[in-house]
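Trainee: So you can see what is in the structure, the chains are spelled out below.
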Amino acid sequence: MREQLALLPRLLTAHLALSLFALLLGVCISLPLAALASRRPWLAQLAQSAAALVQTIPSLALLALMVPLLGALGWPSIGFLPAFIALVLYSLLPVLGNTITALAHLPPELTEAARGVGLDDWQQLTRVELPLALPMIVAGVRTAAVWTVGAATLATPVGADSLGNFIFSGLQTRNLPAVLVGCCAAAGLALLLDGLGKLLLSGLKKRRRSWTALALAGLAALYLYAGLARLFARAPDTLVVGAKTFTEQYILADLIADRLRDATQRPVRVQASLGSTVAFDALCNGDIDAYVDYTGTLWATVLRRGAAPADRAAMLAVIRADLAPRGVTVAAELGFENSYALALQRARAESWKLRTIGDLARVSAGLVMGADYEFFARPEWRALQRAYGIDFRERRSMDPALMYQALQSGAVDVISAFSTDGRIAAYDLLVLEDERGAIPPYDAVVLIGRRLAQDSSARAALAQLAHSIDSERMRRANLAVDLQHRPVPDVARELGAPERR
Amino acid sequence: MGGPLACNSGGLPREVPFTASEATIEVQGLSKRYGQRAAVAGLSFELPAGQLLALIGESGSGKTTTLKMLNRLIEPSSGSVRVGGRDVTGVPPHALRRQIGYAFQKVGLFPHLTVAENVAITPRLLGWSKQRIEARVRELLQLVELDASFAGRFPDSLSGGQAQRVGLARALGANPPLLLLDEPFGALDPLTRDRLQQSFDRLRRGLGLTVVLVTHDVSEALSLADRILVLRGGRCVQLDTPHALLTAPADPYIEQLLAAPRRQARVFEQLESDPGHA
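Sequence lines, in order, name chains P and S.
When we follow this note's numbering, the leftmost residue of the first sequence carries the number 1, and every step to the right adds one.
When we follow this note's numbering, the leftmost residue of the second sequence carries the number 1001, and every step to the right adds one.
Please keep in mind that the hints were generated in silico from the structure rather than gathered at the bench.
Predicted model only: the values in this text are computed from it and were never measured.
Note that CB positions come from ideal geometry on N, CA and C, so glycine has one too.
Any given hint could be a false lead.
Stated by the list, open to error - Taking beta-carbon pairs under 7 Å as the criterion, some of the chain S residues facing chain P (in silico):
| hint | residue |
| --- | --- |
| 1 | LEU1073 |
| 2 | ILE1074 |
| 3 | ARG1098 |
| 4 | PHE1104 |
| 5 | LYS1106 |
| 6 | PHE1110 |
| 7 | HIS1112 |
| 8 | THR1114 |
| 9 | LEU1125 |
| 10 | TYR1253 |
| 11 | GLN1256 |
Build the full structure now, drawing on both the sequences and the hints.
Mentor: Structure below.
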């Protein structure tokens, strides 16, 4: 809990800056747009439909979509920018909708009086219509503020720091206090902004200047703080180690960060909970400097090659050659494999006499399989189907953290597992043998970007990690975090220790 | 009262070139159609500067529509309006309206502005100095018999009659040579109404204002107007002086309109001359 709270100031500030500036730009876009639309019904229709369309995209998908979109434009595709743009889009509808509605429903005698006293069109808008619509506009901004603060927790997978860091890593490592810290802080922030909005609204409605002034001063202070924090938070010298969204990645990222810190004497930080392909794109763009990936993943989803060679060395040679033009270097093979595997409860496997995937394929038509979100869309699943003709009565995608409980409760019969997952031993599961070699090798490799590739001391330090971790040690480390709830930094230190000289 | 109100000079930008003495109105073949229905049909009249024309007629006879076409709040379907000898379509509408005071039937005070800010809105648009605006607001509140303490109040704290008086003050705000008034005294209690009608009458005669007054109070029209235009179904039934209207009504409809005030007047006379009769 204490280490979570230590992270709170930085993440809270990042979250605040992200949501406040997204909200500001959102209001700066939607307010003039609504004012323009109040004289042009077609524009009102168009703008509201577009904003509503954005709203129908699940926020997580909207944020994730920004990554390839910005990448295609050649802009920084991970970190602040994609999260910022997605949140700006997300914040448009409430302000746009409220303003358009308020302007369209002003009492006609007032708009007529505005013309009658000699206001021109612009004066009518700014001196009469917008002031009259102000309570509705502020109400829209309040809604947008709450939405934006909530959706900003989803900025974590696209590489922007936010309170979502607590939630994503906490859910993954079953660290409930971390999840709680993240949720409570986000809720608190939303309540604070909403409270200021409410104060502003009451001040306007009851014509209490002191309330209005207090609310505006509070908002101004928050903006000033967020702006200054963002200005001074940038330390270009900092090295960033990326981690995808599972325990092993957190541990290895911490370990690598430790080694880089010692070797380079530079500040190093971990950017955790990145989406799978987000991490690779981030490395190519120089947004992160290193992370751990797996040869099978690189082969199939990053390099988009077909059937993988059975020979590990040949596979790695191809990967190295393919990555070089993108400025990505394989700094070390860690020495273990974390491959996709099919697992089920040992007792069941024994009673049904299942040992291989081929055995399973004979009975699988009556079974339910649970898998992480990507498994059924991955080439490995197609390869399994091709090699074994396997399919299930029902396929369910679920959060990887929940699959093991689903297996225990009998909600699913078979799950996709990672071979280094500590829970395989802890839950007494059997990993079925892939006797036809349908699933390619998934050797863990440390990838580095251009910046580190030129740093010989960093490369030397990472090279020392080569073949230093076997599957058994990795599995124990994962188990220590996942089931014994030990802090990631401690486990990472122990995992690195025997190799330290 | 006429003295301080008469100060219609002092370097204000003259966006429409007419003064009180030039504020004539000429209406030619004015019509407004909504789909098949004609709200106003082929109306023509002339109003010399400094005169008050009352538009009377039952609800839906086209009084308000006619009034709103004079300052282009409603654009006519056909016909022309000339103010001060110039066609109103030749000036930007907002510039035209700054020279024409308008009091709305529904008053339409701006709820986010104080009474003073409401009254001052047109003078501010015309770039009057702060001192001049403050003096003008004080003067107008006095004219409509509202205490100076009303200046800082907001419209939602006013009664219907008080709001209507502020609406009249707003119409007079920039000292316009031409006034369009839509039932400006309708919500007032009888005593206040009578006093305000009289002070308004003195004011407009003193300044030589040209006024078009919409009312369905026939007595009000008879006592304030130089000329009365009787509308029915959007058409002019008679345009005449009050005297001519009373003595030579052109149509049974006008007889009907006059019947009620006549009867009331007779009752008053009888009661005064013969107290025992009632």
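Trainee: Now, for every hint given, state plainly whether the structure supports it.
Mentor: Cross-check of the supplied hints:
Using the Cβ-Cβ criterion of 7 Å, the hint placing S:LEU1073 at the interface with chain P is satisfied: the shortest such distance is roughly 6 Å. For S:ILE1074, the suggested interface contact is broken, since its CB lies about 10 Å from the closest CB of chain P, more than 7 Å. Hint on S:ARG1098 holds. Least Cβ distance to chain P is approximately 3 Å, under the 7 Å limit. Residue-level restraint check for S:PHE1104 holds (minimum Cβ-Cβ distance to chain P is 6 Å; threshold 7 Å).
Taking 7 Å as the C-beta cut-off, the interface hint given for S:LYS1106 holds, the closest approach to chain P being about 4 Å. With a least beta-carbon distance of about 6 Å to chain P, the hint placing S:PHE1110 at the interface is held under the 7 Å criterion. Evaluation of the S:HIS1112 hint against chain P yields a held restraint, the C-beta minimum of about 5 Å falling below 7 Å. Taking 7 Å as the C-beta contact cut-off toward chain P, the hint placing S:THR1114 at the interface is violated, the least distance being around 10 Å.
Below 7 Å, beta-carbon pairs count as interface contacts, and S:LEU1125 has one with chain P at about 5 Å; its hint therefore holds. Below 7 Å, beta-carbon pairs count as interface contacts, and S:TYR1253 has none with chain P, the closest being about 30 Å; its hint is therefore violated. For S:GLN1256, the interface hint is violated, the least distance from its beta-carbon to any beta-carbon of chain P being 30 Å, above 7 Å.
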